[in-house]
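Residue numbers (the working numbering), protein chains in the order written: chain R, 5 to 344; chain F, 5 to 344; chain H, 5 to 344; chain W, 5 to 344.
To be clear, the hints were calculated from the coordinates, so they are not data collected in a lab. Any given hint could turn out to be false.
The list treats identical chains as interchangeable, and a pair is accepted whether it falls inside one copy or across any two copies.
The list that follows gives simulated cross-link-like pairs (lysine-lysine, DSSO-like), each with its CA atoms no further than 30 Å apart [what the hints assert, rightly or not]:
(1) 12 with 115
(2) 210 with 32
(3) 269 with 210
(4) 269 with 25
(5) 115 with 150
(6) 12 with 150
(7) 115 with 151
(8) 88 with 300
(9) 269 with 32
(10) 88 with 25
Keep in mind that this is a model prediction, so the values were computed, not measured.
4 protein chains.
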Amino acid sequence: MDMRSTAKDGFIDAFEWNILKTRGMEYKIQFTGPTGSNAVEAAVKLARKATNRTNVISFTNGFHGCSLGALALTGNHQNRHASKSLLNQATRAAYDGYYGEEIDTSDLLEKILCDPSGGVDTPAAFILETVQGEGGLNTASAQWCKKIERIARDLGSLLIVDDIQAGCGRTGSFFSFETLDITPDIVVMAKSISGYGLPMSLVLIKPEFDIWNPGEHNGTFRGNNHAFVTSEQAINHFWTDPLFMNLLNENQLSFGLHLNHISDKYNYRVKGRGMMKGIDFLDERVAAEIRRENFKNGLITETCGPRDEIVKLLPPITVSITEVDQAMAIFEHSIARATA
Amino acid sequence: MDMRSTAKDGFIDAFEWNILKTRGMEYKIQFTGPTGSNAVEAAVKLARKATNRTNVISFTNGFHGCSLGALALTGNHQNRHASKSLLNQATRAAYDGYYGEEIDTSDLLEKILCDPSGGVDTPAAFILETVQGEGGLNTASAQWCKKIERIARDLGSLLIVDDIQAGCGRTGSFFSFETLDITPDIVVMAKSISGYGLPMSLVLIKPEFDIWNPGEHNGTFRGNNHAFVTSEQAINHFWTDPLFMNLLNENQLSFGLHLNHISDKYNYRVKGRGMMKGIDFLDERVAAEIRRENFKNGLITETCGPRDEIVKLLPPITVSITEVDQAMAIFEHSIARATA
Amino acid sequence: MDMRSTAKDGFIDAFEWNILKTRGMEYKIQFTGPTGSNAVEAAVKLARKATNRTNVISFTNGFHGCSLGALALTGNHQNRHASKSLLNQATRAAYDGYYGEEIDTSDLLEKILCDPSGGVDTPAAFILETVQGEGGLNTASAQWCKKIERIARDLGSLLIVDDIQAGCGRTGSFFSFETLDITPDIVVMAKSISGYGLPMSLVLIKPEFDIWNPGEHNGTFRGNNHAFVTSEQAINHFWTDPLFMNLLNENQLSFGLHLNHISDKYNYRVKGRGMMKGIDFLDERVAAEIRRENFKNGLITETCGPRDEIVKLLPPITVSITEVDQAMAIFEHSIARATA
Amino acid sequence: MDMRSTAKDGFIDAFEWNILKTRGMEYKIQFTGPTGSNAVEAAVKLARKATNRTNVISFTNGFHGCSLGALALTGNHQNRHASKSLLNQATRAAYDGYYGEEIDTSDLLEKILCDPSGGVDTPAAFILETVQGEGGLNTASAQWCKKIERIARDLGSLLIVDDIQAGCGRTGSFFSFETLDITPDIVVMAKSISGYGLPMSLVLIKPEFDIWNPGEHNGTFRGNNHAFVTSEQAINHFWTDPLFMNLLNENQLSFGLHLNHISDKYNYRVKGRGMMKGIDFLDERVAAEIRRENFKNGLITETCGPRDEIVKLLPPITVSITEVDQAMAIFEHSIARATA
């Protein structure tokens, strides 16, 4: 699995040249088991190894997976409780905006971490999603992300961005953090990275933190050759094509306008960023009803948020404007029925 | 040790009649090993047993002892780090006023605890000091304490007050929480409870939570007969005597006036409550210098706070007004020298 | 992912009819993230949920994956140490034969678990490999496995067989435990289950323990449709064909005879079972040299065991007798060179 | 508390000259909170600090206290379970003789600890009682203790002897390990050390491991001056007096002969060593009946062992021969009644 293959070489070339180099980024690529939680587990272990610390800061409403190491970082009560395990070596902090606009939660976090009697151990890492896909489409501002990055640097902690759901163009740029002016030490990717729904995940590691010894984090399915092939194709086909970037921008614009229109009309709040948005219906029964109605009419949507009160839309980023229009018409129809 | 003795019976009678009954309180008395940390460990175990939960909320700058169960609740970095142990099954929250006057930290705590994706497990208990003796003489307001109590009740969690340092009259009433209008489920006492410096500690338990089976939390030195005798004497001698209460009130008044005068003159902040106050000199070197100077002139003081920047005064509560005057003169002299 | 697909239905039908029903077995099939460690994490969580206990017994030299929950069960020092995490909620016990032939390690385990002062908490589950693929090709006898099963039943604990490496025909029968006369409560499968090297894993659960609520253990890549297709084909093509079973038996016989011959000639011990065998060269440098020499001559082998002192051979179970002969000739040649 | 006092100086002088120096021992004396569990917590923290490891090996039927750090080392199910806490950072091993005479449990322990895939992390320390007072009066042989000491040295782990119950002359010598030819790195003492039943405990530390920084393990009641006075008297009065040593030897002899006689007559097994012996009645109801009968006739005894099936006798070591005779007569009478 660790050996080279044509498919693997092809993917690595494409990713390095067409994703990393064009963005002036330098990362080593680690292939873990092809699920997001495998990649999160690897990222966290590496941060602990690099810092010789154990604590990891994760955020309210964060979702990072269901294996025990990842689950300790995940906020969801149902997932946590089902494990009947002690989830430890992690500290919860409030995400951007969690306590309202007046309170900068990064200030709260810095104060407690820098207080010798604050009682929170200096972390190995901070792990965050720039848009919280499962947690309710909460978004972190560039300013907040930069402060978290600065706090991490001050404390000698690593900054891990979990781009499993928000990455691969979902927010309009390949990485969700490109527009936030931060440079994570580790980036975790999965879900759409294969371009074709195949199991695949990546851990991107700043070269100075690539300190694994051989075999320290192993597994059988670390290289999925099928996924390498499709991923290489997706990268080379889409991410080198200016027309695709135009389409993506137009899609974002159209998608956003539709949602704002709905929001104004029905007086619900739009949440999220780019092609990863939804509407907070405040009531999980309404949200569930809308999801069912959408499905009946051919539109697949999900509910998310602490109480599943938000309907989330993740259209394919290659969708056409016409399809966006159609989808939004179905969505509006469902809202009208459910809230009648 | 569990058997009755004249000394034990005498203490129990005195405590029940002259402390609990006169205050309309009803608690079972448990004698643990005669140190504060033994008592804290017992309190936390009992709360976990009563709720079948493991998480315990403790606060920034809280100090609850150095055995592993108690240390998980203690904020101090040096104590925590020295253990080289994973301190878990505890969550840190911000104490009253920790983030400044504008932010009500009990609101922050309630929000995260009531959010199903907040990622903080519903606690077995909240443990707090009403005045943080080691953590820097921070005080909790009645309003804040009542909100914490209400949150605990809402969540089915127990409220534990650690009155080891602030109890036994130190804040002007026997229990530090008497003036705060809260009813803890468990109260932990030690330090001054023997009235004579002998090792002794207590856990006071609301009758409905006295669910220990025989031998579940045992130990050799659970009943220190010497301490029972001195404690009974202290209770019967002082706490039934109105003149003592007058003296205590006068001492508090005089002590407070002196400190306010010093604070005004030197422009440092007074912290604490009752006979448990100090001045924040902002700089641990100044504080250390003042402590040394005090000692040279016959006044024993301590430094406390996250960086030992606060000089703490805990005069015997039976001190005379003249002695308070003398002590304050020495203190002011030390400040003058140290800040010259 | 949780929705039905033709591929998924096809696989489920094939697995239920041609694997489970023909063996008189009844299990629910759970699709977790497609790696062995995801499946192990799910199995352990389910056992904890079913028993409301946390401790899990795993065995010396056991290997169950590298995510934190799985890693706590894995014996390998390098993997454990690299995590820089506290690996807990697990207790190590000695595998069959670990202390030599005279000591029945299941007796040791039963004694300590049944002693109220033994100090090992009653487990949620026992997890074992019937042949330890990574740990050195140690094999568990039917007698020992049955005793472990009986101890588990007596204590109300679940028996989990990790058949990730030893399953799918590797030991001569589809499940490694078919010849051992045990009925695991949970079986974990991965690696060869797709029949084609695609990421896929399964958790088989006795119906009475299928107590998951929706979404309690979720993940993106729980259904890999490519793998469903290839797995269905492998099951229907091979496991319904008597000729395949004959071939497998002949392969085992031939493979075993070759290894015994080598063992006799060079005086090293053969380890393992079925098509999962190797030779213990006692010295990791010799083993490494043989592996390199094998590779040079076109034979892929691995080293395993506590010090990588064992050369492990896992020929495809569909290999031809001629290929076995060729491989064994290369192997013997490598041994001759390395030990010359 | 950390300051010198006449009482403290007196005790230290007495202990250093009349206990340590006369035995050619060199230890630093740490005063922790005056309970055994406080001392155990301090010892374990120090071992973790000295080795930068977390795991501690403790033994079946071991009892080291009920605070969480100590409780993790304690075998008793009832105490462990009552805590409703995850007890971790500890590994259980079998005490001397636990699996019968044929199996040397130190060999089992060494094998698993030295196996890189054994799955037990290299420990910071081994903690053991030479006679298990609560666990059932099991005794460790000199040969076994020396092997444990050698394994600890080989692994760079510290050897901690918990002499809380077995120390202070209880087994015939001041330290229980004097006759075992081992040199613990840390010794924990409490119970009888004050000579008068006062709360007092000690941690004895080999000078090279006295690496505490100021205030790292603090507490209020670290110096109990009453206990210093009585302890100094006990040391100077008894442990410098050859007549006391003669009396102790005679008492042991007489006590042992009586018990052997009872054992022969009633066919129950004697357990323990020195003045710390008992009889295993195999049935906790019989043991409880004998304890009650003893009490009725003026003889205080305890039950111990996994199921409280052993009646334990701990006569004062300063008892007279006549008193031993009287006590044994009562004991035999109780046995006769209970087993009639």
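Against the structure, the hints come out as follows:
1. With identical chains, the CA atoms of residue 12 and residue 115 are never at most 30 Å apart, being 45 Å at best within one copy and 42 Å at best between copies.
2. For the homomeric pair residue 210 and residue 32, the shortest alpha-carbon distance inside one copy (6 Å) is at most 30 Å, but the shortest distance between copies (43 Å) is not.
3. Taking the closest pair of Cα atoms, residue 269 and residue 210 never come within 30 Å of each other, the shortest separation being 46 Å inside a single copy and 51 Å across copies.
4. In this assembly of identical chains, the alpha carbons of residue 269 and residue 25 never lie at most 30 Å apart, being 44 Å within a copy and 57 Å across copies at closest.
5. For the identical chains of this complex, residue 115 and residue 150 are neighbours both inside a copy (16 Å) and across copies (25 Å), given an alpha-carbon limit of 30 Å.
6. Taking identical chains as interchangeable, the C-alpha atoms of residue 12 and residue 150 are never at most 30 Å apart, the minima being 34 Å within one chain and 44 Å between chains.
7. In this assembly of identical chains, residue 115 and residue 151 lie within 30 Å of each other by CA distance both inside one copy and across copies; the values are 12 Å within and 23 Å between.
8. Taking the shortest Cα distances, residue 88 and residue 300 never come within 30 Å of each other, neither inside one copy (36 Å) nor across copies (48 Å).
9. Proximity of residue 269 to residue 32 under the C-alpha cut-off of 30 Å is found in neither arrangement, the shortest distances being 47 Å within a copy and 47 Å between copies.
10. With identical chains, the CA atoms of residue 88 and residue 25 are never at most 30 Å apart, being 44 Å at best within one copy and 32 Å at best between copies.
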